[in-house]
Each structure stands twice: as C-alpha cells, then as structure tokens.
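What follows is each chain in one-letter form.
There are 2 protein chains.
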Amino acid sequence: MGQEKERKCLVQFEPSGLRVEVPAGAILLEAAHKAGVYLTSICGGDGYCGKCKVVIDAGQFKSRPTALLTPEETRENIVLACQTRVLSDLTVTVPKSHTLETSQILMDSDARRFSQLKGEAEAGLFEFDPLVQKLCVEMSAPTVRDHTADHERLYVAIRRVVDAPIMQTGFRILQKLPSLLQEAGYKVAVTVGRRGGTTEVIEVDPDRGCKTNFAVAVDLGTTTVVAHLLDLNTAETIDTEATYNSQINFGEDYIRRIIYAEQNNAFDQLQDRIVQDVNNLIVTMAARQKVDLQDITAVICSGNTAMVHFLLNLDPTRIRREPYVASAGFVPPIRAAEAGIQINKRGLLYCLPSVAAYVGSDIVAGVLTTRIYTKNEISLFVDIGTNGEVVLGNRDWLVCASSSAGPAFEGSGVKHGMRAAAGAIEKLNILTDGTVEFTTVGGGPPAGICGSGLLDTLAELFVNGIIDRTGRFKIGKDERLSEGDEGWQFQLVAPQAGQREIVITQADIDNLIRSKAGVFAAIRTLMNSTQIKPGDIDGVYLAGGFGNFLNVERAVTVGMLPDVPVERIHFVGNTSIAGAKTVLLSRKALETAEEIAGKMTYFDLMSHPEYMEEFIQAKFLPHTDLLLFPSVTVADKV
Amino acid sequence: MGQEKERKCLVQFEPSGLRVEVPAGAILLEAAHKAGVYLTSICGGDGYCGKCKVVIDAGQFKSRPTALLTPEETRENIVLACQTRVLSDLTVTVPKSHTLETSQILMDSDARRFSQLKGEAEAGLFEFDPLVQKLCVEMSAPTVRDHTADHERLYVAIRRVVDAPIMQTGFRILQKLPSLLQEAGYKVAVTVGRRGGTTEVIEVDPDRGCKTNFAVAVDLGTTTVVAHLLDLNTAETIDTEATYNSQINFGEDYIRRIIYAEQNNAFDQLQDRIVQDVNNLIVTMAARQKVDLQDITAVICSGNTAMVHFLLNLDPTRIRREPYVASAGFVPPIRAAEAGIQINKRGLLYCLPSVAAYVGSDIVAGVLTTRIYTKNEISLFVDIGTNGEVVLGNRDWLVCASSSAGPAFEGSGVKHGMRAAAGAIEKLNILTDGTVEFTTVGGGPPAGICGSGLLDTLAELFVNGIIDRTGRFKIGKDERLSEGDEGWQFQLVAPQAGQREIVITQADIDNLIRSKAGVFAAIRTLMNSTQIKPGDIDGVYLAGGFGNFLNVERAVTVGMLPDVPVERIHFVGNTSIAGAKTVLLSRKALETAEEIAGKMTYFDLMSHPEYMEEFIQAKFLPHTDLLLFPSVTVADKV
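For the protein sequence lines, the chains are A and B, in the order given.
Quick note: the working numbering has the first sequence finishing at residue 1073, numbered continuously throughout.
Quick note: the working numbering has the second sequence finishing at residue 1073, numbered continuously throughout.
Just chain A, same shape as in the assembly (with noise of 0.2 Å):
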C-alpha cells in the first residue's frame, strides 16, 4: 500500500488539455485543483452536492457508490470527482457548465450590472480626499541662504499640498531621494498614502506620470469577487470586472471552507486563491484601460470576515468556534505586495473594518452607503448573500446580527438556481390564466433562476395558491405540479427546441423559506430588543446580488421583510463595493467606517434564546402572526 502510494499517474483534463502527476489514489478533484482545472463544487468535497460531476474517458479508477448519480450516468463513466480515486493514467473531460470560460462570459454581464450602484452617489457627500495621492511637487533647489536637507524640504512641499502633521518615509525611499530630487530637478510626482493617522511617502518620481494614479476597489464576496478601477484624480470609475471566488472549490460557504483549510493546512492555498481572483481582475481592467499596473498605488478590500481574513492569510479558524473570534477587526493599511497582490511593489492595501465574526467590512460599508448612521429614524439594512446580515438604528445607535440564511437566493442549494449572469430568469410573474411570464439577463433563453427571480417565484406560487402557508404543494391544484427525481416540483419552463425545462421543486422552495425565515428572525429578534415596531422603521435597505429588477414588494409577501409600505423600501444593490469606493476616494469616510464599526452592536444569534424561536414562526408565509403582515393577502388561513 506504501507502495502503491508511491506510484504517480498523469491525469489529463479535457477539453483544456491541462495536465497533472498525482500519486496513485489520489482522488480526482484534489487533482484538478492542482492542475489549475475549475470544477463547481459547492459541498467543498464532502460528496453530497453532486455538483462535480466529469466523465472518465479512459483509465482506471474507483468511485464511492452515491445516490446523485443516476444508473445511466454510471454507465456513461460519469463520476463525482469527489468521490473518485486515481487509480492510472487518466483522461477525463470537463463537462461545458463547469469551465471558467463560460463563467467568464457571464461575468461580464455581471460586472456591468454591480456597477449600476444606487448607492454610489452618496460618496459625493465626503470630502474628496482619497487615502493615496499622486502630488506635482515643486521645490526651490537648496542655495547657500536655504540648506534645509532634502527629506525636510520635500516634506514642507507636502505639507503645502496636503494636511500632512504625522509623516513617514520608508528607509529605501530616503536612501535614494537626494539623487533623484537633483536628477529631477526638485519637481517630483510624490505618492503619498494615509496610514492611521500617519501619512506616508510611498514613492518620489519624476514628476511626467505625476496625472497617473489609480486605485482598485474589491467587493470580497463569498461567491463573487467584484472589482472597480477608480481614475484616483477624478474620482471616476474606469471599468468594472467580475469573477467567480476561485474559492469556491474548497466549499460553497466560508465555514466549510475555514475547515477544508484547516484540515488539509491548506490556509497558503485559500489566500492564494482569493488573490488571484483579485491580480486576475486588476490584471483585465489595467490591460482594457491601458493602466500601467504601477500606477496602480492602492486596493482597498470590503468583504465578509472570514474572506478578509483569507486574503491576507489570518488565522480564521477561530470565526466558526465559540466564542466566534476573529484575528483583525480593524485591520491596519499593509503594502499590498505583502498579500501577494500585484499593484505598484509599494502600493497599499487597505482594508474597511469589521463589526465581528460575522458581520464584516462589507457590511459596515453598507451602512456607510446607505448613510442610515446619519438619520434621526430607524432605519434597517439587509444585505442577502451567503449569509444574511442585518442592521438596525439610526444616528444615535446601531444594532446588527448574522443569520446563517444559506446561499438559496444566490441560486445555490435550489436545482436551476444561477447567479444574476445571462440567461437567469430575473423577474417572473403567473398571470391570471396561469401562464409563467418571465424576462431574463441579457433576454437570451432562460438558463436558471437568479434572486430577484426566485424571489418572484415563491411569492407568485404563494399568491396563487399553487403552495400553501408552510410552503407545500398544493398536491393536483395545478398541472404542472410532477414528482421528478427530486420529489414534487412545478415546472416554469416548459423544454422546447434549444430551451430547457425550468422547474422549482419542492427542496428548493423548502431552502428559499429557511433562508428568508432567517432573515426575518434575525430582523425581528433585533426590532424586539430594541423595541421597535415595523410602524418606526422609516427606511429599509436590501443589498445582495439579486439582479436589478428587484421588486421589492415581494420581499414583504413572502415574509422576509417586515410589513412597511412599499416606497419605503429600496434596493440598494452592491453596497459593499460603493462603501470601499467612498472609503477609498475620502480619507473621512474612513474614519467614518471605524467610528460606525465601533459604533455597532453585535448580536450572537446562536446563543440568544429568541432566535430559534422567532426562526420557527417565519417557516410560515408570509409568517405564522398574520398581524404582522396585515398588506399581504392570504388565500388560505392555514
């Protein structure tokens, strides 16, 4: 068996062709990650996801029997590469849906649509003042009557710039000043970067290339990764790029991924991952925009803990354990070439601070967006992702919690689920006659149902009677209704010439209650502590990636929002990426974000009573206290 261990196999990946030298008994997924082969997997390897299925073309090889596999697909050597050993020389092909290449397609669609941001125009309302300059500094050559040394003199011309009381300059930077000061002839391009309260001297250059000078923003997702390229002396965003988190292979949720990483020590591989997907957008946008990477000077991330933490390879281990502790909360400014990221070598990383375990950066950046610190009335921000977080308060105070919702609105955990990317079904309706009415990204055949989609759909099966209360099919209401594979289902799509059927069974619209039941605890177990009442939340926020054609009406019938009037509730779209935006072009909205992160108080759902509690009465639609929803029309009063 040591042996056997020894023995190495060549597997071969098609159609890419990538190769890779594996010891006998490896097993198969752990071999395309290591030839750099994209598989979805959204279990992270635990073979109940069934997402990683390849066909083994030819070669031996042993799969753990599984009952996601059907007897057919058996016969056709298609296997979960979880579940399979190396046991020779393989060939195996990658079925079309995994391969980036597709998702890339799609994700130019998504990049547009995270760039319609409503909340951006608030960024305005800071002082432009971004976190790293480029300043044309112009100096008076010393004379006999004005000897101030080089690094006195170059700091009194920043100071005449910018309000610069603290400064630092880093040893390589004073060792080659004097020389380039005379060589340039004391007019220099000095990028200056704020650290704390402390300001920087990053860089002196020749002052040509003193009007370059960009920065990256990064949404951290824990499924997309979202990147704007900002033009840092106008303020503008020059191009938008999106991608799949990469890490996706190691788990669809960032615990699953904390404990893949822990497992196999394999923390070097997550950061190296989740930094690739970022050099990979910076690369595309700098080589579209024909930025010289090196006037790249700074990235500032938002993100959810755990993502930040892998970024810059923290210990996160301790996010999934009681007591939930992070590393860093308020993680200080890094040369962004210390993570791996591959901007100007002296560039900076910033980070926007987190709240706790699981209310992150990106969060506290949705607050900053929505401005809801700012107003005298209650406000309450969600933003539904893999988790789904909350925040209630106003000027005076802020509460906030995480509910473990689950990734169904994003598409994962529902049988045709999909990202907002072309061909999701994104709005969808049943008419008066029962016909499905639906539009989908980009207006091409519907491939799957994105958020606002099957947000649509829960609420229209509901308001048609088609499920009742708990979320159950109404068993021969409706012809549509079949059992499949799955269980019952009821078909939205019917298949036709290059069309496929598009149905919605009865697990997914078990996941998509869960989700939107955990939501609404989590909201309602904060309005009860603080005792507020639907009536004195004068706006509501919902973030998340659901697509644009949100109609956020039927968040309230379905019982994921409280009952408020309709017009006072907006969505917000990406706020994560619009908050690093404004942190980024004003250095008082970073001192905004750390006094609101400071501000926030955190509430551990898992160890408060109330939750569970509050969790099982929102199972219901729109929930079990009618009075709650008193807008919403029920058919039937189970």
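In short, the hints are calculated from the structure, not lab data.
Be aware that one or more of the hints could be misleading.
Listed below are several chain B residues computed to face chain A (Cβ distance under 8 Å; list not exhaustive) [to be verified]: (1) 577; (2) 578; (3) 582; (4) 603; (5) 759; (6) 760; (7) 763; (8) 765; (9) 1039.
Every value quoted in this text rests on a predicted model; they were computed, and no experiment measured them.
Even glycine gets a Cβ: it sits at the ideal position worked out from N, Cα and C.
Here the structure of chain A is known, so what remains is to put chain B in place on it, guided by the hints.
Relative to the frame of chain A, chain B by itself:
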C-alpha cells in the same frame, strides 16, 4: 600593461597573517583595507601624513619618493603604504603602533572616561518614557460576551498601559498574533516603539522575558565611536565601550572620507565600516553583560551629519559642496536591521535630528544636555572635536556655526599628539624653575599628549614666555628649544630608559593656534551677529574628548573661549552620548530635541564676510585685541 594588471599578487600581512590577493600594481594601503588590516592613515592616502608606515619583508614593490621617510627608513624597506604599489607577492610587517589590539586596550580606558558624564544627571529632568518599551500585557480571553478580535484586544490592552493614540502593527506580527495570544493564554510581552506620532507593535512574545529590554546609545564620532548599553526597564547604563572609527583608514576627517567614497564609489564600504564598528561595540557589551542580542530592541545614534549619512548610506556628497546640503536632517526611525545593525531583527534605529550639514545631531544633543534652551540667560556651547561647533542663545533663540577647526586638539596634526587614552599627558605645568610637571592617563609613562595636555602646553609655553603672541618660539630663550627634522621644537619630556622623548614643534603650535582661532572666530561671529558681549554670557559649556582633567581657564588664556569669569565655564564631556541617552529614555526628550533642531539658526561661516577677519585676529595669543581678554596677563605686548 593591460596584461600586467591582470596578474594577481598575494600580499601577506604580519604579525596577523592576514592575506589578500590583489592585481599587480595595486596600492598597498588599499590591499590592507581589503585584507581587513588596520593601518593608521590620517590623510586618507594622499601621502602627506606619513602615518601608514609599514615594512616590506619580501617581494617587489615600487614607492613614490617622499620626504616623510628618512634615508635610514628607506634602506630598511620602510614605506608609506599609500605611496607603494605591489609588483609581486609580498610579505609586509605592520608595526605594532597600527594594530587594533593596541587601540583596543586604550579604548577600555577611553570608555571609562567617556562614561563619566556631567550632563547625564540632567536626563532625569524628562519623564521616564523610553522610545522602545517592553510591556507585560495581560488580556482576558475572548468569550461569547466579549468577542473583540485579537488585534483590537491587544490594542486595548496596550492602551491601558501606555499612551498610544495612533498604533501600527506590521503584517507579519499581525499574522502570527492569534496563535501567539492563544498559546500564551493572552499573557504576553509586547515591545512597542515610538515612530513619530505613531506607536508600533514591534514584537509580541510570551510574557517570560518581559523584564529584559535593552538599548544602545551611540556617539558616532569622526574619530571615536562610543556606545553605552542601557537597561530600558531601570534606565541604568550597565556597560560602556568605545573604539576608533575604522573609517579612519579612508581619511582623518569626514570631508576626506566623502571624497574617497565619491572617487572610489565606496559608500557601501564606508557604511560597512561604521556599521561593523557599532556592531562590534554592541556585541562586546552584550557578551560581557550576558545580554541576548534579541533583547536589545533599539539603537539611538548621535553624531555629525556626515557620520549619520555614512551609517545609513544616505548620499553625503553634497555636505562638502556648496550650498552644503544634507540628505536628511530629521531621519525617521528605521528598522536597525535595514542598516545592518545586529540587534533584535525588528528593533528600531533612531537618529537624533541635526541642524545642518555642519551642525549635526551631536550638537543638538549638547544643547539638550546642557539645557541652554531652557534658560533666560545667554549660554555658549562649544564642542571641540574634529570640527569645532558653537551654539549661542537662550530659551528664545539659538544660533550656531561650525568652524573647520581641524583635529589638533584631538591629537592629530601634532607630532606627539594622541587621544585621551592610556599614557596621554592630560595635565601639564611649567613650574617657575622651568621644570615640566605632568600627569598621564592611567599614570604610566607618557606616550603622547591629549587635548587637555595640548591646551595646557600651549598656555604654559605662552605664559612662560617660551612662545610669543604669534606662537613663534623665542629662539635662545630656553635650552630645551632645538632644531629637529621638522623645524624648531621644545622638549617637554626628555628621553630616558623606557620613556620616549616628547616634543612640541613649531608646526604643532601653529596647528593648535589655527584650531583655537577657528573656534574663537566662530564664537565672535555669532556674538557680533547677535550683539552679545562676553559679560552677557552666563554660562559656557565646553564639550569634547579632551580628557577629564581639562583646565577650562587655559581655554581663556589661549583665547579659545571668550574672557568670562572662570566659574562660568563648565567642562561637560561627551554631551553627544549623554543627549542620545536622554532621548532614548524619554519620548518628550526626543520631541524637545526636534524642537531644538528646528529652532537653531545656522550661520554658514564660509560665506560669512566677517569670519575670515575674525579668524586672522584670533591667530594671536590670546587675540590681536587684548581688550577682549582683560583677565589674561600678557608678558610682551607685541
């Protein structure tokens, strides 16, 4: 000829046995440098100091003719290493006078002398608040009710102990922090260092060893490097050590060293020398006191501007060229390891701020130590080293200047001059019967004359009428006057068994008078510019390596210092290191030093029309204008 240069010759130096291979035609002095052999050299290889004498035992060489060698010496194959080219393999004997071993023995005594600092008691005037501190920090471990992240938990704990509004932590420390805190049970030793307005977390260790924190203060003299080892927990100086500045091979004064470095692109080499000197001092003290180098967390340096530039490898070349500009006056703290200094690898290196190219941080240290910046009355501070720097002022204003006095009072350019080391005549009187009475450092037989002895000699020769007011020997006045190889000389010590003859020559006296005249002219120029009269001066503080038995009255007799009552004149020793220690032990003292440096107005004497006139007038004993020295009795009114 091209081929000739390719040929390699092996040069062996005795008695050390050190060898080096050099191309045929190489200069022997440079071969010695390359071999790591210490040769005394004052002129930096220009062939006029005659100090780099060695004996060629075997092999071929070619020497330029020189008047500095007697025909006898030439017959014995004694050569000036700087004027000799290597033509074949050579064996060379280095006379004992050159060897570091001898220097080392002398330095032990030097170190003891330098450690007796009158200014040191003043340090206590600043609150004890060292630049680097090791704090014992105990935190409660995270709980469900207190899930503060580790990074912020540490900050809160540090801020309970010290004032640190703005903090920074390096990325590597941040990464290892969580595991370290957990392993240590949240009880750690935290080393924090002050960097401008920022407090940096330098290191986090388990709390054993919380009590061992050391630092080294260094006076970077052009001739001598002095270091003190301090216990940062008790503020005590636990050891002292000194060595010659081994850059001396490249020139006696720093201007020559800058020229050498420029001509030979030897900046790295110059840095290497001084860094190694500092490292040797640190290692010597650490070994003797059984201090782990890892427990030395800071080094603080004070010295002239050029020496600080050499230490940090900052471009010093414009120090010697109009308009005489430094690369940096206020050098930010850096990682000591960045400069090659071998203490804790994350320990900090601080440099005191300087005023100008020719008024360095040693002078700022002097002002700090003597506290003249706090006084209502006018004070005069004079530091006699290789240069003579002068500061005049009070709490409201400070003016300063540097005279290129030359190192005569350090024993250079004086036939039997030497530093204040074992055997140096430090006190000398000529009795009424003409007998020369003297005491030596260590009490042994006289080896030469140090600064205080030279001042005595000049004053006694003058007071006893052996020289006239211009410094000329009165030929025939005393039988000890004779004509030697270098012109007229006066025999101070007659040769006996085991005791060498010690003389002072006309050239020596001319050098000493030039030095004192330079200093006095600088003082007068500052006094004239500020309209200060001698009677306005409340205190005169004389600093330098004269030796502890300096008779300050003599400094008035020869006209080096203005004629103020002798009780107002204080010899303050090495204020450079005293100031460095004061700053090391108190953040407030560093701020004060920065304020002082910012406040001092520099007078460039080279471009000052009055200075040369004052210098010419000061070349008399005590001065051309005797009305300036009413207390000095002058025998003959020339």
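Going through the hints against the structure:
A cut of 8 Å between beta carbons decides the hint on residue 577/B: the least distance to chain A is about 4 Å, and the hint holds. Taken as an interface hint, residue 578/B checks out: its beta carbon lies about 5 Å from the nearest beta carbon of chain A, inside 8 Å. About 5 Å separates the beta-carbon of residue 582/B from the nearest beta-carbon of chain A, less than 8 Å, and the hint is met. With 8 Å as the threshold, the beta carbon of residue 603/B comes within range of chain A, its nearest partner Cβ sitting at about 6 Å, so the hint holds.
Interface hint status for residue 759/B: upheld, as the beta-carbon distance to the closest one in chain A is roughly 6 Å, under 8 Å. Against a cut-off of 8 Å between C-beta atoms, the interface hint on residue 760/B holds, since the closest Cβ of chain A lies about 4 Å away. At its closest, the beta carbon of residue 763/B sits 4 Å from a beta carbon of chain A; the interface hint therefore holds under the 8 Å criterion. With 8 Å as the threshold, the beta carbon of residue 765/B comes within range of chain A, its nearest partner Cβ sitting at about 6 Å, so the hint holds.
Residue-level restraint check for residue 1039/B holds (minimum Cβ-Cβ distance to chain A is 6 Å; threshold 8 Å).
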